[in-house]
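A.B. asks: Line by line, the protein sequences are chains B and E.
Convert by adding 16 to the 1-based position in the first sequence; the result is the number in the numbering used here.
Convert by adding 1 to the 1-based position in the second sequence; the result is the number in the numbering used here.
Think of the hints as simulated: they come from the structure by calculation, not from any bench.
It is possible that some hints are incorrect.
Computed from the model, here is a short list of chain E residues facing chain B with C-beta under 7 Å [said to hold, decoys possible]:
id	residue
1	T17
2	D52
3	S63
4	T80
The structure presented is a predicted model; accordingly, all values stated were derived computationally and were not measured.
Virtual Cβ for every residue (Gly too), placed ideally from N, Cα, C.
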Amino acid sequence: MDTAYLIETVIKVVVILLIFSALAGIGTYFERKVLAFMQRRLGPMYVGPYGLLQVAADGVKLFTKEDIIPTNVVGRIFKIAPVITAATAFMAAAAIPFLPSFTLFGYEVHPIVADINIGILYILGIMGVGLYGPLLGGMASANKFSLLSAARGAAVFISYEVVTGLSILAPIMMVGSLSLVDFNNYQIENGWIVFNMYGVGFVAFILFWIAAFAETGRTPFHLIANDHEIIDGFGTEYSGMRWGLFFIGEYANMFFISFVIPLLFLGGYGDGSFLGALALLGKVAFFFFFFLWTRAAWPDVRPDQLMWLCWKVLMPVAVINVVIAGFLMMF
Amino acid sequence: MFEAIAFYLFSFLTITMFFIAVTTSQALYALTALAAGMIFISAFFFILGADFLGAIQIVVYSGAVMALYAFGMMFFDTTRDVKEKQGNKFIVVCMGVLAAVLVVVIFAAPIVGDNIVALYPMTEGAGNTQEVGMVLFTKYLVPFEVAAVMLLVAMIAGIVLAGKKMDISLTLTSDDKIKEDENNKKVLL
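Isolated chain B, as found in the complex (with noise of 0.2 Å):
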């Protein structure tokens, strides 16, 4: 292992870190002014331009809040449930190309920290590690509410987990493989892979879209933190920064999904030119968007309502899709 690699993925996972962590404060921003004009409302208007620095206001005050852990509860694990959520959202982006691979001051930047030949598994591992932030945090702060907010966080889980597996089953069975990079390749010489084999990826495409929702923990799937009873579930008990972390995870890994469905289903960056590289971060746009969007559009669904959802119709359709994918490969 040479020096200059050394060098270069330190500053990858460094650049990564800043920019999402930035991103994740001013994604807090475009929520709340998306949701506000499609509620005919303006949003945060008073701190800066169109509120632009209330990023940074929300900030300061994050860090400067007082750091509460109350009385009864399991201290540690307490403490360590949001840095959970935060860094396993990070460390699933080690795996994601970000752009096509360019020449910065004649020096060849792979935008990918580690190129492993399992990156889709990986990822999805990870962000399923993600859940256990919530959970513990649940479970650790000694309120009936929060351990409400865990058996739910516990009961999306096991739904989801099984329906991103079998939907992705049927694109990795046309690449051919596991990583995000030969994903890319693969939709440059095939066409994206939505379009692929009549229909089976459209099938996986939705089937992947819908779990990634309840991956994220977002609206419609949104029952970690219990909206019906008007307090925020797991993090009821959190104050300042710790509760900050909380949010950082959760739009990190809204961004992280975002790169990922394009990079799996929708063609990438395509052949690795500078307008593949715009329309990937279009794709990611869009899909960032569309968190927020349905956010505004869908009320919460029941936690067996998802089950219900998840166990009883997706799995059936995801398998089935499988089992299609396989015949059209074999005749």
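Following the hints, position chain E against chain B.
C.D. replies: Leaving out everything else, chain E in the frame of chain B:
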């Protein structure tokens, strides 16, 4: 050098985590340490170049321990210490260490005996995942299929045991009907 550092770091972490899982009397600590230990084990697979198995280790065990959490939630107040009945601690520790050493010896002896031989040469151009698939579907096809059948049996048994009222869907019945049911009144009121 990096491999050595990673190996020692993760061995230390794994052993510490499992030590906590065994010794603590706090259910939440034990479960979390178990999950963390299981995830740290995947590091060894990554160090050895078995990426696929490493990722599978993370996916499978994070889900499996999550089920244990659900049981923990059901049976314990996870924020309090569990009162354990402890007999002679000395005997427990001795037996535990002895059993661990025995397991290591049983598994290590044959490997040490005929040095380590790679039974399956790497196929040219095949990745880590393909290698696992090739071995699974040729030499180990029968154990693999038997395991699949056993899982199917377990799944059906689970459905039979848990699904006594599965013909009634709470999701599909209207709220009024649920309220009318005599059995639900005790819960709802």
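A.B. asks: Are the hints correct? Go through all of them and say.
C.D. replies: The hints, checked one at a time:
1. A distance limit of 7 Å between C-beta atoms decides the matter here; for T17/E the minimum to chain B is near 13 Å, and the interface restraint is violated.
2. Interface hint status for D52/E: upheld, as the beta-carbon distance to the closest one in chain B is roughly 5 Å, under 7 Å.
3. This hint holds: S63/E has a C-beta 5 Å from the nearest C-beta of chain B, less than the 7 Å allowed.
4. A distance limit of 7 Å between C-beta atoms decides the matter here; for T80/E the minimum to chain B is near 5 Å, and the interface restraint holds.
The structure fails to meet hint 1 from the earlier list, while all remaining hints are met.
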